[in-house]
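Q: So the chains spell out like this:
There are 4 protein chains.
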Amino acid sequence: MATCKAAVFVEVGEPLEIQEFPIPNVEPGGVLVKMDMAAVCATDVHNRYSPTCPRPMIFGHENIGVIDRLGKGVEKDVLGQPLKEGDRVIFRSTPCGRCFNCSIGENCQVVKNYGFITSDQPPHLRGGFGQYLYLDPSPWLLRIPDTMSNDRALMSVIGNHTVLNGIERIGGISLSDTVVVQGSGPIGMGALTQAKAAGANRVIVIGAPASRLELAREIGADDTIDIDEYRDPKQRVAKVKELTGGRGPDVVIECSGGNTAFQEGLEMVRVAGKFLVVGQLRDHGPQPPPITPFLITRKVLRLNGVISSKPHHIIRTVQMMNRVVKYPVEKLITHRFPLSDVNGAFESHETLEAMVAVVLPNA
Amino acid sequence: MATCKAAVFVEVGEPLEIQEFPIPNVEPGGVLVKMDMAAVCATDVHNRYSPTCPRPMIFGHENIGVIDRLGKGVEKDVLGQPLKEGDRVIFRSTPCGRCFNCSIGENCQVVKNYGFITSDQPPHLRGGFGQYLYLDPSPWLLRIPDTMSNDRALMSVIGNHTVLNGIERIGGISLSDTVVVQGSGPIGMGALTQAKAAGANRVIVIGAPASRLELAREIGADDTIDIDEYRDPKQRVAKVKELTGGRGPDVVIECSGGNTAFQEGLEMVRVAGKFLVVGQLRDHGPQPPPITPFLITRKVLRLNGVISSKPHHIIRTVQMMNRVVKYPVEKLITHRFPLSDVNGAFESHETLEAMVAVVLPNA
Amino acid sequence: MATCKAAVFVEVGEPLEIQEFPIPNVEPGGVLVKMDMAAVCATDVHNRYSPTCPRPMIFGHENIGVIDRLGKGVEKDVLGQPLKEGDRVIFRSTPCGRCFNCSIGENCQVVKNYGFITSDQPPHLRGGFGQYLYLDPSPWLLRIPDTMSNDRALMSVIGNHTVLNGIERIGGISLSDTVVVQGSGPIGMGALTQAKAAGANRVIVIGAPASRLELAREIGADDTIDIDEYRDPKQRVAKVKELTGGRGPDVVIECSGGNTAFQEGLEMVRVAGKFLVVGQLRDHGPQPPPITPFLITRKVLRLNGVISSKPHHIIRTVQMMNRVVKYPVEKLITHRFPLSDVNGAFESHETLEAMVAVVLPNA
Amino acid sequence: MATCKAAVFVEVGEPLEIQEFPIPNVEPGGVLVKMDMAAVCATDVHNRYSPTCPRPMIFGHENIGVIDRLGKGVEKDVLGQPLKEGDRVIFRSTPCGRCFNCSIGENCQVVKNYGFITSDQPPHLRGGFGQYLYLDPSPWLLRIPDTMSNDRALMSVIGNHTVLNGIERIGGISLSDTVVVQGSGPIGMGALTQAKAAGANRVIVIGAPASRLELAREIGADDTIDIDEYRDPKQRVAKVKELTGGRGPDVVIECSGGNTAFQEGLEMVRVAGKFLVVGQLRDHGPQPPPITPFLITRKVLRLNGVISSKPHHIIRTVQMMNRVVKYPVEKLITHRFPLSDVNGAFESHETLEAMVAVVLPNA
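Residue numbers (the working numbering), protein chains in the order written: chain A, 5 to 367; chain B, 5 to 367; chain C, 5 to 367; chain D, 5 to 367.
Chain A extracted, bound-state conformation:
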């Protein structure tokens, strides 16, 4: 039986371990994908240190691959385009469709996405940091346009789909909006990319280090505010007010996860403005930050939180990266690693050296 390699999370805080797995046979409706690229996401890094994350697990949920074997009956992608072995695809697990969250159109409570399934049971290969990934029958599949590079395709599923989901929830970015993006990591870059694509008049990115802000300007940021320079939240709020004629931005998109970012956003945003809270994923522990909700009332604000995305957001971000965005977003992929050096990829992410670090499992 043919085998392949994959990187497995086996112990909290320990390096991922390269293990060998049998390449599974493909049942009707299933699909075997040969992996091209998988990005290291902050969630992967977080999980690697989390005692509550089940293990063993093959991480990697931002993935680009090639159809290696198509199970019987899998003939078309979500857009109705014919599929064949050798096609590059983006894929997701299909939601259960019968839980409460599915019923209200939110993230399924039952089905886990690839990259979040333990590898102890066959077919084992359920995450992107492996040479192959096996998709259960009836997966959601989108063929990557032939005109599109793998790098661009990957950027569609890094940050961008979640941000697009969020932008939809705040009622869209309107033509000529001034937008502040808090955070200069991959999610912040997605927010910047989309705000510019949606016709924002001005996008101000707040973050660090300087190299990331430099990249932000390359992909369209009109202004950047370096938090290594503006260390006090009050200074940052003042700088944003100054850059927006004293009124504050129409939209703030929080992508930093920072402890003070939420309060800063409330203070920056203009009266009747919108505040999208994307980055606040982690519990603040025993000392949550002090917040003044009266700003929400007095400024008649609109706030939305968002996690993950719905399938149509992926369709849109792929098209957006393929045809709409003119900036060189592929430059955001700063580091590339073979599967054997998957732990190097994680390290480059943890040190903030990399903006986006990817693993090329079959390189």
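Source of the hints: derived by calculation from the structure; they are not laboratory data.
We treat Cβ as the ideally placed atom computed from N, Cα and C, and that holds for glycine.
So, partial list: chain A residues that the calculated Cβ filter (under 10 Å) puts toward chain B:
| id | residue |
| --- | --- |
| 1 | R102 |
| 2 | W144 |
| 3 | L145 |
| 4 | I318 |
Chain A is fixed; fit chains B, C and D onto it per the hints.
A: What follows is chains B, C and D alone, placed relative to chain A:
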């Protein structure tokens, strides 16, 4: 092997035929439902005369039943409530989750709902006009509250869920809206019920015959306009204007399917009003009605069409019928038939004698 | 020259002083109103103790009056109904229409509403706690329906219009929503009233003292939670979860202004729920409460703040109180005072003895 | 007394007549504007032939001018920027703020905009086709950014603000939407410009003559369909389907006013798509077109009509033209005329020779 009876559409325009089918074994995830009630819907009547409707088919998609056998692994309903044999349920097929329509949150293009599946293949029993109905693995299930009568439960899935979907699409009925409902059939009654429940100031129902308008007033209509009396569309528009202080209603809900109804609605609705078009299901054939779209532009109108519903609309209509609606909506079920007289049920619908005619397959 | 009396805020923290003013002549477009009722609002009480509130000032912005003199050219109300002397009216100042806030459809930054204008300049009479109130040319006027009591009319402009504005901003209360109202003062009662009118399945009011919760149940609350009994925020969150099948309410409406209310609301509301923040009007001072914004992100929440209302909300609340709401909301007016005892009215509000205390300036 | 010239509509169908008027004194709050440019709009052309249009009237409602005299108390524009004589401005009349339409946030029923007021009463100068235009006290004013050409500024108020209002009403153009624009006149060009600015994946413009489609491609159209070539509506629908992979566009924006355009749009747009109806301004007379509303229901469409705009749309289109739009939209101004040849400007518009014809009243 035990058998049961069901009414089958075998020939265009002919009476449904009572046939005998084996009662299927229940596979893991599947559910066998013993039918309590199934309503005759205009769609069933339409299909019975349609050469393009596949056959043989057991009609009946507005259904209330009792769980007869629960397949292995089916433990909870959509709200997380435990399920057991003997529980009354409302059910739907689960959407595929991977077609374009599923991806954008619209009606699945792939999976058919029960009542629209041919009966030539096992397990045969796929529509409400039979003693049993078999649900494929992983169906969508909602337990009917114990405090709720079958009649009330059935009303939740007659017209109401589609109307609720539509009301959501037009951005809701606002407190104190004046609403015109065009049409006094079951869908119109659903629109009336929900407009009142949502806090409409005044609901005007336009329809016929007089007996239906009488029923409309019993379940809350503030005014009715009898089209047997106001025969000319111009008269109906004038009457609505008179009843609304010359301004026209805030919302019009078209539930009649009538040839002139769309144009009447455009003429009635106030400037910046909303127009929900529910009833225009059928092609108008070679002579579509003349329409003046400039009213849409000049009156800055908002229009939405709607078909069917999403699962959460069913959850809501059941709760609404159980606790919110105080009017005696169960009176809308005017005619009841045993399975052996299913054709009588269809006839009572076709002659407009019945508001809602139901079949009690195990009575 | 004829004179009349009004209660004037002259010194911080001191009782309002009854002063005598000339009854002004009415210029073209202006209107002289003879006051029927003016309610004491929490804002009035707050301003009476505020060193930053300009003075002298006649408070009173929740007003019902009678047209005493109609200036030349004032012929119709906002609905186009003819106006004459003797008509009861609700009124507002007309926004400037050319500031930024007016341009985006928010509260005018330039024109103050009656009850917030100093009384040192003629025509002096600009607040509700006086026998007459003078409206500048081109006021916004709504004739009170003849079928409607003054009490019901007054309730339309207490809490309700602001809450309606807020409900619109969160995208409406949907049929069968479960709603938690935090706070059992007049704003909370407005939220309760509207949630019931809009077809909520269940409304849970959290507040105190017991007498207010008793009133809440009389006007439709399905459940109440007494904060004198459930003293710890965790207990209140747990009780709400219990009452909502573990899932949490679809909607939370914060009307309490309490220091911990915002965080409690975040913890109560269900995944993908809505949170309207009405009561957080005051700065929390040097010690703002600790808040966990990750709940906004993880629960994909929608939040909106709201202050005041737009004119169409008043049109709607008047209709709602006149025809839609069946509960005895007039019972919320628990205390009535002559103008000479205006300070008694304030006291009954400050002690929480009164739910709504009104002054009858010409009684 | 100093005088100036203006072009007056004096008789139906006759050439505009150049007349001389006194230059008015400026009262407190008023503003005298010296006109730079005024565009000929289809509405002006329509009104010139309309027996119901009041006269005498100075047309011209798409205007750019310079502040000649500032009345006492006019100190800032809508954004709070200081104003002085010599500043270039865009202006509108201020809505009444107290009619029903103002109360619901729609176009004022009372106050007419400049270009639609008869010139028989002082100060006479109320339209753009004159050397001066007098603004009544408290006008709405927006200073044109110094970095912006008159041509770009004018394009902000031609088509674009109305289209932006409409796009807002359909819930925005989403990133990567495919958009069909019906009509290749100035409004269609506005729709094209904004769809591209908002991140549309592909914009298809349907119109004629070929020279206009050439211009459309220059300012960003991805595809054009020439109705001189595709003469049958069925051909146009088929071509759009072909260009959109058989599915139809996500959004259709009707800007043509054509008799069959509405039905074509219904046929083109995809399931659950959006249809903005901007161009259907004129009554279709005794023979309105046949329309099939069942497409609205079956395709679960969303439609909105729109006329004119709200002030904030102008703020946005000016910013958009100044900073967001990179295409050479100023090329759309194809013809320029002195005031003495105002009738030549109208002729160039009527023959479709000009895309946008402007009059330079002081050239």
